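> Residue numbers (the numbering used here), protein chains in the order written: chain A, 59 to 259; chain B, 5 to 113; chain C, 15 to 84.
FYI, nobody ran anything at the bench for these hints, they're computed from the structure.
Predicted model, so just to flag it, every value in this text is computed and none were measured.
There's no promise every hint is true.
To be verified - So, partial list: chain C residues that the calculated Cβ filter (under 7 angstroms) puts toward chain A: (1) E18; (2) M19; (3) L21; (4) A22; (5) A24; (6) S31; (7) R34; (8) V36; (9) L42; (10) D44; (11) G46; (12) V47; (13) A48; (14) V57; (15) V60.
We put the beta carbon where it would ideally sit given N, CA and C, even for glycine.
These are the residues of each chain, in order.
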Amino acid sequence: MIALGWTTANKALPDDVTYHGDGEIRILMMKQSTDVDARSKLQAQVRCFEAGIDFVPIAPSQEISPVAAEQLLAESDLRDTVIGLQEKAQLTLVIDMPDRPKVESPSGRAWLLERQLHLSKKEQIVRQISEFAQDLTLEFTPLRQSKNRMQCNMLVARRRAHEVIRAIALGLRHLPHLEEVKLAITGPWPPYDFTTSKQFA
Amino acid sequence: MIQPIEINTKDISEALTDLSGSNGRLEIDPDTVEQDLARLVLGLVAFLRQLMELQAIRQMENGNLTDQQEEKLGTTLMRAETAIYEVAAQFNLAPEDLSLDLGPLGKTI
Amino acid sequence: MPVEMQLASATETLESSDSRLVDLVDGLLDHGVAIRGELWLSVADVDLVFLGLDVVLATPDRMRPAGALQ
Numbered sequence: 059m060i061a062l063g064w065t066t067a068n069k070a071l072p073d074d075v076t077y078h079g080d081g082e083i084r085i086l087m088m089k090q091s092t093d094v095d096a097r098s099k100l101q102a103q104v105r106c107f108e109a110g111i112d113f114v115p116i117a118p119s120q121e122i123s124p125v126a127a128e129q130l131l132a133e134s135d136l137r138d139t140v141i142g143l144q145e146k147a148q149l150t151l152v153i154d155m156p157d158r159p160k161v162e163s164p165s166g167r168a169w170l171l172e173r174q175l176h177l178s179k180k181e182q183i184v185r186q187i188s189e190f191a192q193d194l195t196l197e198f199t200p201l202r203q204s205k206n207r208m209q210c211n212m213l214v215a216r217r218r219a220h221e222v223i224r225a226i227a228l229g230l231r232h233l234p235h236l237e238e239v240k241l242a243i244t245g246p247w248p249p250y251d252f253t254t255s256k257q258f259a
Numbered sequence: 005m006i007q008p009i010e011i012n013t014k015d016i017s018e019a020l021t022d023l024s025g026s027n028g029r030l031e032i033d034p035d036t037v038e039q040d041l042a043r044l045v046l047g048l049v050a051f052l053r054q055l056m057e058l059q060a061i062r063q064m065e066n067g068n069l070t071d072q073q074e075e076k077l078g079t080t081l082m083r084a085e086t087a088i089y090e091v092a093a094q095f096n097l098a099p100e101d102l103s104l105d106l107g108p109l110g111k112t113i
Numbered sequence: 015m016p017v018e019m020q021l022a023s024a025t026e027t028l029e030s031s032d033s034r035l036v037d038l039v040d041g042l043l044d045h046g047v048a049i050r051g052e053l054w055l056s057v058a059d060v061d062l063v064f065l066g067l068d069v070v071l072a073t074p075d076r077m078r079p080a081g082a083l084q
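Isolated chain A, as found in the complex (with noise of 0.2 angstroms):
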């Protein structure tokens, strides 16, 4: 058996997931019990998320079993955690820079100077999306980034999350320094990135 998450909800869930457990906090779990890659897991869990169900996400790579997962609520702080994601959903921008542009036969400063003009945009673009988010958010995670590529989580309230997309999308739209960037604004999503948060308020 497969464990998706904790949660306090008492709704119906999607065909192959059931509840584990009977106290306040009870697992969601997978009804089939093997060959569950981490993608179907993470589709059961969206499947959940979307039919109304608040939880706390294990990530999809993991496995781990019912019995575990009731025992990692025993033995952690996570009760605190799923209380506090109660109605919470997280959305996540992916911002595309244009690629670096190649600096052809350069001095060495030149090199480093260039390296530190790409930072510092991305730098700037982040700051302006954190500076703009932090009237509509909970809470705010830039990250992980690859060379061109920035991601940033957001935690929103789960009922305003259509309204704190349309104010980003609305908002970001004339920000300065973005004209030359790509952004795909996704969710609500389950809080992946919030698991360890001790920030809800």
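Starting from the structure of chain A, add chains B and C where the hints point.
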């Protein structure tokens, strides 16, 4: 003065985790042992080089470096990057195969 | 020039073949509550070297408070 970057075993472990994917295993296969080892070693070298680059940029921003130092640092880091990618190419590894998060500093951007 | 922007619900993101969204989904697979610190160097399916022992619930870099950039 800028604090030096401290790297502990946990950071290294995280860097390796990023290189290994989600199953928690860095597989070294008999058929692709050269490439697997190259990915492991070059990935770590690339990780350290990126940290040095970030730190060099911070030092430069804080005005701690002379023009000559900037020239020398830039040249060295640039050549190191080229060299890493050249060696990687010999093992049929693309730059993305070595791509890591920028590490502890990079994660805060 | 307006910013190029795409909106996608969670389900739409999962079904998308846009490489950005595919990468995002791949990234999500490792996010959430996790028992980490288990990294093995293995040869021919035999685990040989274990790296890192700390068992934590997710990682501290996902705990940054609002607006923190430093």
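> The structure should be examined with respect to each hint, and the outcome stated for every one.
Hint check results:
1. A cut of 7 angstroms between beta carbons decides the hint on E18 (chain C): the least distance to chain A is about 5 angstroms, and the hint holds.
2. At about 5 angstroms, the closest approach between the beta carbon of M19 (chain C) and any beta carbon in chain A falls short of 7 angstroms, and the interface hint on this residue holds.
3. At its closest, the beta carbon of L21 (chain C) sits 5 angstroms from a beta carbon of chain A; the interface hint therefore holds under the 7 angstroms criterion.
4. A least Cβ separation of about 5 angstroms between A22 (chain C) and chain A falls short of the 7 angstroms threshold, and the interface hint therefore holds.
5. The interface hint given for A24 (chain C) holds, since its Cβ lies 5 angstroms from the closest Cβ of chain A, which is under the 7 angstroms cut-off.
6. Taken as an interface hint, S31 (chain C) does not check out: its beta carbon lies about 13 angstroms from the nearest beta carbon of chain A, beyond 7 angstroms.
7. With 7 angstroms as the threshold, the beta carbon of R34 (chain C) comes within range of chain A, its nearest partner Cβ sitting at about 5 angstroms, so the hint holds.
8. For the restraint placing V36 (chain C) at the interface with chain A, the shortest Cβ-Cβ distance is roughly 11 angstroms, beyond the 7 angstroms limit, so the hint is violated.
9. Look at L42 (chain C): its Cβ gets to within about 5 angstroms of chain A, closer than 7 angstroms, so that hint holds up.
10. This hint holds: D44 (chain C) has a C-beta 5 angstroms from the nearest C-beta of chain A, less than the 7 angstroms allowed.
11. A cut of 7 angstroms between beta carbons decides the hint on G46 (chain C): the least distance to chain A is about 4 angstroms, and the hint holds.
12. Here the hint on V47 (chain C) is kept, as its CB sits about 5 angstroms from the closest CB of chain A, short of 7 angstroms.
13. Because the closest C-beta pair between A48 (chain C) and chain A is about 4 angstroms apart, less than 7 angstroms, the hint holds.
14. About 22 angstroms separates the beta-carbon of V57 (chain C) from the nearest beta-carbon of chain A, more than 7 angstroms, and the hint is not met.
15. Below 7 angstroms, beta-carbon pairs count as interface contacts, and V60 (chain C) has none with chain A, the closest being about 20 angstroms; its hint is therefore violated.
The structure does not agree with the numbered hints 6, 8, 14 and 15 stated previously, though it agrees with the rest.
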